[in-house]
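Undergrad: So the sequence shown is numbered by full-length UniProt numbering: it starts at 1 and just counts up by one.
Please keep in mind that the hints were generated in silico from the structure rather than gathered at the bench. Heads up, some of the hints might be wrong.
To be verified - With a straight-line cut-off of 27 Å between C-alpha atoms, the simulated BS3-like cross-links for lysine-lysine are:
id, residue 1, residue 2
1, Lys276, Lys288
2, Lys254, Lys279
3, Lys230, Lys280
4, Lys121, Lys89
5, Lys181, Lys216
6, Lys268, Lys216
7, Lys54, Lys9
8, Lys89, Lys61
9, Lys230, Lys181
10, Lys372, Lys340
11, Lys374, Lys305
12, Lys144, Lys230
13, Lys279, Lys340
14, Lys181, Lys144
15, Lys152, Lys61
16, Lys276, Lys230
17, Lys254, Lys230
18, Lys152, Lys121
19, Lys288, Lys181
20, Lys25, Lys144
21, Lys121, Lys144
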Amino acid sequence: MPETPTDVKAVPADAVKTASGLASKVLQQGTGTIHPAAADTVTVHYSGWTTDGKLFDSSVKRGTPATFPLNQVIPGWTEGLQLMVEGEKRRFWIPANLAYGENPPSGAPAGMLVFDVELQKITQAPKPPAVPEDVAAAPADAEKTESGLASKVLQKGTGTEHPSPEDSVTVDYSGWTTDGKMFDSSVMRGRPATFGVTQVIPGWVEGLQLMVEGEKRRFWIPANLAYGEKTTGGRPAGMLVFDVELHKIVSGPKVPEDVAAAPADAEKTESGIASKVLKKGTGSVHPKATDRVEVHYSGWTTDGKLFDSSVIRGQTATFGLNQVIPGWTEGLQLMVEGEKRRFWIPANLAYGEKPAAGRPGGMLVFDVELFKIK
């Protein structure tokens, strides 16, 4: 158990203070020479106390160092750790306005907080891609589609096939608003993104289908094909500019021919769920509503639009059968392990006719393969 600092109640006279009010004191000199930047990732051991000496968090106590991007923590940490070098141990007195505040959400500590932090490793973030010179407007030599999407090939691809709406893609990308402000970048995260072609903004859905593997292309996406002129929740507004490199196309689940309506030979339950076995199972036990199941699934609206797919993500889904939409809770109890079944789930057993933002409305169609009952 980390010992409570003797100076936990107040900042000592020999502490160093910054203009923001952050105070600190070096407890152990470091061996490094480089300071982390706000975009870097750091690995640290730490312990944190409130000013009454109560320990509220400690990686030391857990026995495992913590690793995180420096710009995704409280402001006092973001500022303070940039003062440190590898191997250094430092004590911080972080005022409430640089921590969680005087009246924080439930569970977060209030007031001034005291941390002992040992910086073990700095992982420098990739340098941000340069802002395109033509970020303000599409150049005269850009290709344009009827929808208003403009694009320009930056690097020719090595592939010959274009992704279809049913496919998933793996890409690296960076996005800017027309004033040159970057708002998102898989390049900066150091990790490509994988998603279904139809699971993104309309400008991406259209634009990706112009590309081949290995190609890098710049898109100027008008507001009506992006998030609009007036957005909410931190989304960027107006025309957006993206540099996209298409690494890989993965064939996705095909739209069922009977997606618009359940066929005559489908089984029906009293509640209105229709289903059809696509592949017989190898098991003999049916899951109960209280069981957990592991499945692969894909879901479409009745116009053939894919809205979700564990197949595209390449990772099975595991969940409690009583923690999903009623149509799934009922329908999966008809199945056995190894079985694949198609469901036509009416709106009242799904998300309704007018669901919350982002959820699909009306009757939904799912192909579900049950791997395991837990």
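Undergrad: Assess, step by step, whether the Cα of Lys144 is no farther than 27 Å from the Cα of Lys230, and give holds or violated.
TA: Holds. Lys144 to Lys230 sits at ~24 Å (cutoff 27 Å).
Undergrad: Against the 27 Å threshold, does the CA-CA distance of Lys276 and Lys230 hold or violate the hint?
TA: Answer violated: Lys276 to Lys230 is near 44 Å, above 27 Å.
Undergrad: Regarding the pair Lys181 and Lys216, is the alpha-carbon distance no greater than 27 Å?
TA: holds (20 Å)
Undergrad: Sort out whether Lys279 lies within 27 Å of Lys254, counting only the CA atoms.
TA: Since the Cα atoms of Lys254 and Lys279 sit roughly 16 Å apart, the hinted pair holds (cutoff 27 Å).
Undergrad: So if I understand the rule, the pair passes when the alpha-carbon distance is 27 Å or less; does Lys230 with Lys280 pass?
TA: violated (50 Å)
Undergrad: Are the Cα atoms of Lys254 and Lys230 separated by 27 Å or less?
TA: violated (35 Å)
Undergrad: Does Lys121 sit within 27 Å of Lys152, going by the straight-line distance between their CA atoms?
TA: violated (40 Å)
Undergrad: Taken at face value, is the distance from the CA of Lys340 to the CA of Lys372 at most 27 Å?
TA: Cα-Cα ~12 Å, so holds.
Undergrad: Regarding the pair Lys181 and Lys144, is the alpha-carbon distance no greater than 27 Å?
TA: holds (24 Å)
Undergrad: If you draw a straight line from the CA of Lys121 to the CA of Lys89, is it 27 Å or shorter?
TA: OK: Lys121 and Lys89 at ~12 Å, within 27 Å.
Undergrad: Check whether the Cα positions of Lys288 and Lys181 lie no farther apart than 27 Å.
TA: violated (51 Å)
Undergrad: Please verify whether Lys374 and Lys305 have alpha carbons no more than 27 Å apart.
TA: violated (31 Å)
The structure does not agree with the numbered hints 3, 6, 11, 15, 16, 17, 18, 19, 20, 21 stated previously, though it agrees with the rest.
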